[in-house]
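Residues per chain, in single letters:
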Amino acid sequence: MKRLIILLFPLLSSCAVYDAITLTGFDPSEYRIIAEIRTDASVYYNTCPNTPMSQANAQALAYKTQLFENYSLEIPNNENTIKAAKDLNAMAQGLVTRYQQDQNTPVLFCRLKMKNIESTATIIQHVLGNRPR
Amino acid sequence: MNMDQINQALADLANCNDPAFAQAAQNIQQAAQAAQAGQFSTQDLAELLKDTQRQLDVVQEMSQLQFKETLNTAINGLLVIIGAVY
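Protein sequences, first through last, are from chains C and G.
Heads up: the first sequence begins at 3 in our numbering, then just goes up one per residue.
Heads up: the second sequence begins at -2 in our numbering, then just goes up one per residue.
Bear in mind the hints are in silico, worked out from the structure with no lab data behind them.
Treat the hints loosely; a few may be bogus.
Said to hold, decoys possible - Calculated Cβ distances over 10 Å to all of chain G for the following chain C residues:
(1) L25
(2) N48
(3) T53
(4) Q105
Claimed, not checked - Derived list of chain G stretches under chain C, where covered just means 3 residues or more per stretch with a C-beta under 8 Å from a C-beta of chain C:
(5) 22 to 31
(6) 35 to 49
(7) 52 to 62
Stated by the list, open to error - No farther apart than 35 Å at their CA atoms in a straight line, the calculated lysine-lysine pairs in the DSBU-like style are these:
(8) G:K47 - C:K117
(9) C:K85 - C:K66
(10) C:K88 - G:K47
(11) C:K85 - C:K117
(12) C:K66 - C:K88
(13) C:K85 - G:K47
(14) C:K66 - C:K117
(15) C:K66 - G:K47
(16) C:K117 - C:K88
Think of the CB as a built atom: it goes at the ideal place given N, C-alpha and C, for glycine as much as any other residue.
For reference, chain G alone in the conformation it holds in the complex (with noise of 0.2 Å):
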């Protein structure tokens, strides 16, 4: 992959409906803007990027959270529903 393909993906990413991806790929695009202007070290960069991968580990933990609370509201759902058919 080359420069030119990661900047498209980005701005793919960008201007995606998913608030977070969009913000995320947005914070990427002007930290590699500022790397590149010389405004940050790419210490700096790998730092920000690493926040990035966090972020999607924190997606990845509250989706199944979020499946878990549904399924949760689901049962405790039935349990009231055979409660009342028994």
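Chain C extracted, bound-state conformation (with noise of 0.2 Å):
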């Protein structure tokens, strides 16, 4: 078993074993954040025929998201998360911008941009919850 591991770490670059040992472990509030912005997402697709609601929950979910960003972006060794985050509220924003934009936004726009928000977020959960705890 020592043959074995002293012969497999010089297989792995240091910055790997590096990155890896210093992982930031799970984070409830981080998980909670990003289930509930897929939560949201999926609650929301169903609004979006109705205008006025579609467009106040479009901003309630770009307020998530930009929580999101901003609660990842101080924690240390989380830049893979800080640029998922800052991708995901790259498209809540895209909404918001299109409503305010122009009142008669098509329904399958933001029919799209749910979908696209929430399955974004779902991957990012799914790997949020492997963290090692």
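With the hints in hand, could you dock these two chains into one complex?
If you want it as structure tokens, here you go:
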């Protein structure tokens, strides 16, 4: 076993090992926010035909994606999540901007946006849930 | 690449085994059809295509993070074994 351990370590780059050792552990608050974003997007999908309600929902969702980005931002050794949070926030902000430009935003546009946000949040949630405890 | 080839590539992706890629391809197909039917502006279509690009970036970042998580688990396991041996 000792030989196996000694043989295994040089195969990995020192950066990869360092990143893995210093990896941020499971954060229940971070996990909760991403779970809420996923849930909200799936529920708000159904309100897309109601424009005033949908516009309010888009803003509420963009607030949470902004919160997720800001929350992740100052956690050390968290670069992958920070980049993912920025992308997710950009997706949600895009819907808010669209409603601000034109009240008659197509229902299909809203639905596709909500689907995109939900599936992206699901991918992030899956990985954050596997963080070491 | 012409429009037929793009549609074929999207159809192939929509039928692939990865649910995230299949969903993304279906969304692009739906958005492209809506744009062709005049329901969407080209700006709307561009924004949805940007979403797909963002989603691919997220998949890449999360794959890296998952690799680190697996490595972390393996290293911790090895440390436990080393601790047990010595």
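Hints, one by one, checked against the model:
The claim that L25 of chain C is not at the interface with chain G is violated, since a C-beta of that chain comes within 10 Å of its own (minimum 5 Å). Non-interface call for N48 of chain C relative to chain G: holds, since the shortest CB-CB distance, roughly 17 Å, exceeds 10 Å. At the 10 Å boundary, the C-beta of T53 of chain C stays outside the reach of chain G, the nearest C-beta of that chain being 15 Å off. For Q105 of chain C, the condition that its CB be more than 10 Å from all CB atoms of chain G holds, with the nearest at approximately 14 Å.
Only when three residues or more bring their CB closer than 8 Å to a CB of chain C does the claim for the region 22 to 31 of chain G stand; here the count is 4, and the claim holds. Check on the region 35 to 49 of chain G: 8 of its residues sit with their Cβ under 8 Å from a Cβ of chain C, so the three-residue criterion for coverage holds. Chain C is given as covering the region 52 to 62 of chain G, and this holds because 8 residues of the stretch bring a CB closer than 8 Å to a CB of that chain, at least three being needed. In summary, the hint linking K47 of chain G to K117 of chain C is supported, as the alpha carbons are separated by about 14 Å, within the 35 Å threshold.
Taking the CA atoms of K85 of chain C and K66 of chain C, the gap is about 16 Å. The hint holds against a cut of 35 Å. For the suggested pair K88 of chain C and K47 of chain G, the alpha carbons sit about 13 Å apart, so the restraint of at most 35 Å is met. Restraint check for K85 of chain C and K117 of chain C: the C-alpha separation of about 20 Å stays at or below 35 Å, so the hint holds. This hinted pair checks out: K66 of chain C and K88 of chain C have alpha carbons roughly 12 Å apart, not beyond 35 Å.
Pair hint K85 of chain C plus K47 of chain G holds up; C-alpha atoms about 15 Å apart against a cutoff of 35 Å. A threshold of 35 Å between alpha carbons decides the hint, and for K66 of chain C with K117 of chain C the separation of about 16 Å falls inside it, so the pair holds. Annotation: proposed proximity of K66 of chain C to K47 of chain G holds, straight-line Cα distance about 20 Å (limit 35 Å). A distance of roughly 17 Å separates the Cα atoms of K117 of chain C and K88 of chain C; the hinted pair therefore holds under the 35 Å criterion.
Against the hints set out earlier in the document, a violation occurs for number 1 only.
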